Amino acid sequence: MKNKRFSIQFLFYIPDLIFIIIIFFAYLKRYITADVAMLIIYDFMFYFLIKVFLHFWGYKVLILNQINFMQKYIDNFKKGKFSLKESELKNQGYLSEIITELSDMGRHFENMVTTQRDEIDKFKEFYNNIVLSVSSYFLVINQKNEIIFANKSFITNFNLTNDDIIGNSISDLFYFSGGKIAEAIENVKKKGDSVVLRQSRLLSKNRIAIIADVKVSRITIQGENQVVLVMDDITSKCRKDYQISLISQISESIQKDDEIERVLFSILTAVTSGSGLGFNRAMLFLIDSSSSTLDGKMAVGPDSIEEAVQIWGAVQGEKIDIVKRMEDYTSNDRKKGFFLEQVLEKHYAYDSEALFVKVLKEQKAYHVKDSWNDTRVDPETREFVGVGEFIAVPLIAGNRAIGVIVADNKYNHAPIWQDNIELLSIFAVQAALSIESCNSLTSVRSQMEKIKLRQDAIVESEKMAAVGRIAAHIAHEIRNPLVTVGGYAQRIIQTINKGNKNPESIKKAAAVILKESERLEKILSNVMDFTRPSPYIREFNNLNEIINDTITLLQNVFQERKIDINLILQENLPLVKSDFNQLKQVMLNLVQNAMDATPRDGSISIFTELVIDKVIIRVKDTGSGISEEHLKNLFEPFFTTKVTGVGLGLAVVRKIINDHNGEISVENCAEGGAEFKIVLPVPL
Amino acid sequence: MSRILVVEDEQHQRELYAMELEDEGYEVEQASNGKEAVEKVKNNKFDLVILDIRMPEMDGIEALGKILSRDKKIPIIIYTAYSNYKSNFMTWTADAYVTKSSNLDELKNKIKEILNTRSS
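From first to last, the protein sequence lines stand for chains F and R. The numbering of the first sequence is the working numbering, which starts it at 1 and goes up by one. The numbering of the second sequence is the working numbering, which starts it at 1 and goes up by one.
Check the hints yourself; a few may be wrong.
[Claimed, not checked] Examples of chain F residues toward chain R, derived with CB under 8 Å:
no.: 1; residue: Val483
no.: 2; residue: Val485
no.: 3; residue: Tyr488
no.: 4; residue: Arg491
no.: 5; residue: Thr552
no.: 6; residue: Asn556
[Unchecked claim] Under the rule of at most 25 Å between Cα atoms (straight-line distance), these lysine-lysine pairs were calculated in the DSS-like manner:
no.: 7; chain 1: R; residue 1: Lys108; chain 2: F; residue 2: Lys498
no.: 8; chain 1: F; residue 1: Lys152; chain 2: F; residue 2: Lys190
no.: 9; chain 1: R; residue 1: Lys108; chain 2: F; residue 2: Lys508
no.: 10; chain 1: R; residue 1: Lys110; chain 2: F; residue 2: Lys498
Read the hints as simulated data drawn from the structure, not as lab findings. Note that the coordinates shown come from a computational prediction; the quantities given were computed from them, not determined experimentally. Just so it is clear, CB atoms sit at the ideal spot from N, CA and C, and this is done for glycine as well.
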């Protein structure tokens, strides 16, 4: 291409060559003479030389131009300007090709650089967005404890501007960060290990409170140590967790409690505790039906912002356990703060126009957003509450309003959200029921006490009734020995009267009388066992002996009813610490029960055995068994399937066995009849 | 001399009756339960049976039936500590129902009365 261009340049000289050839041929053909030809050629040579000179001189000018252009282009190239206009390339000869190539190359480089820059920009944006937009709060602090960076979430959440933050220290922003967080920052600076402060309570100077997991860690940027604080706001999570457990926790603890003051205190503690409903202050009013007034009964909350900060700082990081707090609560604890005193002195007449009375009468929650301008709020209440926004919720038990809970955020001025109101309303229902039940509890307790006394008396009389039932048999039993005694006595008298002084026969008669008297005594003491008053005497007794005694007592009845009695008693049974007479009562009741269920010619079996460390007594009959529906309340007092009897027999049995730390159970046997099983512990 | 069978499980009582009745001039045989009584009646002739009711093995009521089924004419006095057996129809077949007492006069009178009616 270069050569071609070069040859084209020389095409300029072709007409000159042709002219000389024409002249030369004209001379050869003798059209012109040699002199003329020479003259013409000389003239032409002169012209030709000028033309050559002009040619080369012009060429030089062109090259200089091109060099200039080149220099300019390189200057531009250095500045990063690669492209050229088409017109600029005109007249540049073959240089334009080189420049075009150069400019292509330049553009190529430029493309590469631009792509990389774009990529870098994209990354930068990406990371910036992450840091700025994550819901966690980021703070970066330099060596001098100045904040040098805060992310968007932090700024928005705490309602600050960058100017408020940058250059300030943490303690300029938060109330009690001087404590654990400052400590953590110092530790991290020194040691470099990250520290996580769980569930830290933070209150900003503009009174925005959050609960956050704060992670403090060290980063090194360009040789300087900086501290990064990442705060994960867990306020709502905590609140939800807390709200879920709150009601159950409260009701549980209230159920255990019987002192009304403590119940009220715990209710308000729940309303005010940080992550629960989280109100700053709460007060509770109850209706007094005798004086027709709504009286302040309890208040929980700090008296001043200083106290509030102190309280919130004190519970930093530790989970509030309502139940525990209630247990801690005693009347001494409850120092009568100004706030509480104020509330206790408050009495609203039931016929007054006061807002709280309205809440009570209408059984409707009032959410006052601006009490200074809200016409629903009466002046007295306005002055008493002393805050713009508060909420008053009725306490409704059944369908009767018994009081009012009032709550506000006096100290952090946090707005009261709809979900707070809803939760407080739900909670109020629970609280109202608790108060009601607590009030009822006292009267129920005394009633219960009375009933218990009566029941004890009934149980006692049932023991006597049981004796009464066997009294008929006993009467007969003592008749036999009595008759014998009387008969022999008579015989002695007759013998003497007849003058028959046979000492042997008198002696024999007297011996019989003695023997029968002993028998009588035994029968009597056997019966007396049941009528003794109940204080337990704990001795070591042989259960087999107790069973034998009972059976002896009932021997006559067995005979009469034709019931076989089988005793399968394990020998050398360990002694059981027990009350002899009580256990005899148990056996008597169980055996009588079995007899009542057993038809004529049936049988009752009593087994005793030792299983590991327990003595087991089983009383089994061949009766009709017990129907499923009766099984479950068989041991309940006053449950009976019999026409006669009050249904206390088995209840007494269970009570005695329970008093002996034993167990009693009953089941139907596969082969018919029922089996009662008593398990008594053997002392080691 | 009339022969009397005393059926009674309580040894002391049985012996007392025997002694008393022997003193009265009767010949007395003893049985300690219903079964024994039935056996004795089977093998011997008695003019009268004094029968207790509540006894082991075989009680008086059952024995009463068995004795009467063997010998309808034999006079029987039920002598028991319990008055409630009076409501049992079986006891109605006996000639007398006497409730036990330390004073044996009522029993003795009844024996005399029955034996007199029989012999006349």
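Proposed proximity, Lys508 (chain F) with Lys108 (chain R) (alpha carbon, max 25 Å): Holds - the C-alpha atoms of Lys508 (chain F) and Lys108 (chain R) are around 22 Å apart, at most 25 Å.
Hint status (Cβ of Val485 (chain F) to nearest Cβ of chain R, threshold 8 Å): holds, 7 Å
Given pair status - Lys498 (chain F), Lys110 (chain R), alpha carbons within 25 Å: Holds, at roughly 23 Å.
field: chain R contact restraint for Arg491 (chain F) - C-beta distance below 8 Å
entry: Nearest chain R Cβ about 7 Å off; hint holds.
query: Should the hint that Asn556 (chain F) touches chain R count as held when the rule is a Cβ pair under 8 Å?
result: holds, 7 Å
query: Within 25 Å, alpha carbon to alpha carbon, are Lys152 (chain F) and Lys190 (chain F)?
result: Between Lys152 (chain F) and Lys190 (chain F) the Cα gap is close to 29 Å, so the pair fails against 25 Å, i.e. violated.
Chain R contact restraint on Tyr488 (chain F) - CB to CB distance below 8 Å: holds, 6 Å
field: Hint validity - Val483 (chain F) Cβ closer than 8 Å to any chain R Cβ
entry: holds, 5 Å
- prompt: Would the pair Lys108 (chain R) and Lys498 (chain F) pass a check requiring their Cα atoms to be no farther apart than 25 Å?
  reply: holds, 18 Å
Per-residue hint verdict: Thr552 (chain F), partner chain R, C-beta under 8 Å: Constraint on Thr552 (chain F) not satisfied, violated at 14 Å.
Going down the numbered hints, you'll see the structure goes against 5, 8, while the others check out.
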